[in-house]
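S.K.: Sequence:
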Amino acid sequence: AATRREALRKGLEKLFRNASFCIDKALAGDAELQQVECDKLETSRTANRAMPQDQEHLLQSIAALAASLDLEPKHQEVWRPEDPPEPPQYKRDPLPQTPERQRYLAYKSEMALRGEKLAKDF
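Under this note's numbering, the first residue of the sequence shown carries the number 1, and numbering increases by one thereafter.
Simulated from the structure, these hints should not be mistaken for laboratory data.
All C-beta atoms, glycine included, are put in the ideal place defined by N, C-alpha and C.
Hints may be right or wrong, so weigh each one.
What the hints assert, rightly or not - Computed beta-carbon distance windows for the label pairs:
1. Arg5 to Gln60: 10 to 20 Å
2. Gln89 to Lys14: 37 to 47 Å
3. Leu58 to Pro88: 48 to 58 Å
4. Pro88 to Leu65: 43 to 53 Å
5. Glu13 to Glu82: 31 to 41 Å
6. His57 to Asn18: 14 to 24 Å
7. Arg101 to Phe122: 24 to 34 Å
8. Leu113 to Lys91: 29 to 39 Å
9. Ala7 to Pro87: 37 to 47 Å
Please build the complete structure, drawing on both the sequences and the hints.
M.R.: Here's what the structure looks like:
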């Protein structure tokens with residue numbers, strides 16, 4: 001029970017730190033930020049003194065505050081090694097059929113035939 005209480009306390013403190021940071025970023029103006037700092041200190045003191053039955057109430061309050069400030073985390077797609085991205089498909093443009101290209105292809109095929117003939121003769 002003591003380790004569970006300690007884990008709850010640590011989780012609650014982390015939640016308060018995150019909520020305080022989000023609130024600081026959401027508010028504007030020095031006076032408001034100073035008030036948030038005071039509230040943050042008071043909230044952390046309250047969290048440290050909170051009993052387990054109070055922690056549930058505090059969590060609900062924080063969830064309501066986060067919902068009112070629209071601080072819900074946005075879903076982000078995570079790339080996993082088992083789902084590698086598809087490689088890009090490149091299409092090779094055919095070379096233009098110019099007279100020079102046609103002569104080169106004819107020469108290339110003639111040399112290939114000569115090479116095959118020479119290979120057979122050996």
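S.K.: All hints, please: hold or fail.
M.R.: Checked hints:
About 18 Å separates the C-beta atoms of Arg5 and Gln60, a value consistent with the hinted range of 10 to 20 Å. The beta-carbon spacing between Gln89 and Lys14, approximately 46 Å, falls within the hinted interval of 37 to 47 Å. Checked against the hint of 48 to 58 Å, the C-beta distance between Leu58 and Pro88 comes to roughly 51 Å, which is consistent with it. A C-beta distance of roughly 46 Å is found between Pro88 and Leu65, which places it inside the suggested range of 43 to 53 Å.
Taken as a hint, the range 31 to 41 Å holds for the pair Glu13 and Glu82, whose Cβ atoms sit roughly 36 Å apart. A hinted range of 14 to 24 Å holds for the C-beta pair His57 and Asn18, which are about 18 Å apart. Between Arg101 and Phe122 the CB atoms are about 32 Å apart, so this pair conforms to the stated range of 24 to 34 Å. One distance hint, 29 to 39 Å for the beta-carbon pair Leu113 and Lys91, holds here, with the actual separation near 31 Å.
For Ala7 and Pro87, the Cβ-Cβ distance of about 45 Å falls inside the hinted range of 37 to 47 Å, so the restraint holds.
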